[in-house]
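Trainee: In case you want the letters, here they are:
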Amino acid sequence: MSLRDMSLPSRLLPSRALEQARQGDREPLARLAIAVLVLALLCVMAVSLSSGALSISLTAGFQGLLDGTQADPAALRDRIVMMDVRLPRVVLGALVGASLAVSGAVMQGLFRNPLADPGIVGVSAGAGLGAAAMIVLGGTFLAPVVQLAGIYALPLAAFLGGLATTFALYRIGTRGGMTSVATMLLAGIALGALAGAITGLLVYVADDQQLRDLTFWGLGSLAGATWEKVLTAGPIIAVVLLGVPFLANGLNALFLGEAAAGHLGIRVQRLKTIAIVAVAAATGASVAVSGGIGFVGIVVPHLLRLTIGPDHRYLLPACALLGASMLILADTVSRIMVAPAELPIGILTALAGAPFFLWILLRRKGLVQA
Amino acid sequence: MSAATPNILEIGNLAVSISGTPIVHGVSFKASAGSLSVIVGPNGSGKSTLLKAITGELNYSGSVALNGTRVENVSPEALAPLRAVLPQHTSLAFPLTVAEVVRLGIRRGISMADNAHRRVSEALERVDLTGFAPRAYQSLSGGEQQRVQLARVLCQVWEPCPHGIPRWLFLDEPISSLDIKHQILIMDVAAGYTRQGGGVVAVLHDLNLTALYADQVLVMKSGRLLARGGPREVITDKLVSEAFDHPLKVSALPAGNVPFLLPQASVGFHSAG
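Which chain is which? The protein sequence lines are G and F, in order. Each residue of the first sequence is one higher than the one before, counting from 1 in this note's numbering. Each residue of the second sequence is one higher than the one before, counting from 1001 in this note's numbering.
Next up, chain G with everything else stripped away, as it sits in the complex (with noise of 0.2 Å):
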């Protein structure tokens, strides 16, 4: 691949970002997408706050917060559909969006592979599994954790299937220090199968409620987003978010093997334990919260590979800025392309993403052969 296909076009940048880039170095290049993604994020965030079924002006709403005691009830339906309906939603789908594209990226650079990603090696069924488990026997089997754990039941038991499932991948894909990239595949199919026919048996056993719970939650949606979810998952997914950057030069020198990594000074064993957990907390703390979202965490990093290049200290806070953009996007899409009823968001991104992630396998006709 030559380092045109890497960069974006000319006219779009800065000169002296770009020519630094034609010089193989692309960090300038990194730090203007970032700060161009931070904009966006920004944009993205303001549309999906004003757009819906019910038209709010932005300068309105935020109005309606600030002299919150006038009693024009239209000034104050529009402030409680913007406070309690829109903006918890949009954290949300910042929230989800960043978790589910860092953990991919983070994942991929752990198996040296840009075809890791939770959804497809079966972790978000993983963790989806834990949810489900804590859905129907919430009320029985499981009543003491709830009681415990309270509104992080939930998430809780996600992030312990997750890490249950990313743990058994590694153990099984990787042997010697080297991860063959179709067993980890197959393995991932196998596990991601073994869950969601362990999830099917809960099903058959839930009860008329619990099914609803379970059909609602598993299409993959931000609907019904509420302060309470942003509670649940936030504080889970923002320490991840704030954890994985000093992954960064330990994922960076995994680029070279783990062998090479550990000469570069880097404690791989560690490394590779705390990116396993990250990874599994964060996809269970979005899974828990929005159900199984898929193909974020594949389609965002690749993108920003493209174009900034693969060094983690940029890349994943480019996929956490641009997987907040697109999800919020594609809820804005889902919410306003049918409305007044909505399409669960899983279904539009597996819409772009599957044909997406195809497309990848046909130009890197290299990458799965093990």
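It should be emphasised that the hints constitute simulated quantities derived from the structure, not laboratory data. All the pointers check out, no bait thrown in.
Under the rule of at most 20 Å between Cα atoms (straight-line distance), these lysine to aspartate or glutamate pairs were calculated in the DMTMM-like manner:
1. F:K1221 / F:D1237
2. F:K1249 / F:D1237
3. G:K272 / F:E1057
4. G:K272 / F:E1077
5. F:K1249 / F:E1233
6. F:K1221 / F:E1233
Computed from a predicted model, the values in this text were never measured in an experiment.
Add chain F to chain G, keeping to what the hints say.
Mentor: Chain F only, in chain G's frame:
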């Protein structure tokens, strides 16, 4: 150079087993900073395994001490600026440019600041890859990739002997994919590193280049050290024939009395004489 911190690499009774099969049996030797030690031997004699054990990639019994300190007592972070390792083969997980690969050798945290830029260009110049910085690593030939990796490794331990503390290069077949010009260039780089006080331990297959450049030759056979010493003591008809289980004839260049081997076909054209 005090007695407490000898500037040597000291290997004591080192043994390695891989999944229960012993590969290296009790090897001991010393290599001093400022000298180039070359490990030679037939395929499967345990050369690379020995090097991997010394650099901590494989579990071993016995002892490895660098500059007077057992390496297992040194943290990875503290070891990295002291010694760099060139693997036999490196495949990249993601498409990087040559500059980005070399930069991985510069201490973590340093970004592409001006001095890092300069260091990357200097390293590339040293391995005869000037102007290759923006190229995609995966588009290079095997020999060019090998030299990029060497440039990266050089960046990791750039100064051979800062403040009198020698740094070490461990090179596993550094010239296996190179043409003869670049074989000599890379051996010159290694020899230059030792002349400035650093230590180099390399696994090589080419006995002639070994004879030309090595200060110490270590001959491995069946996981044991068959012989060690200077090229003239070790590269002899008897020892080389024994090491490789093949009758070999060593000659000597008149200038400097450097031994060399001219391989001869065991069947065919030379039987006419």
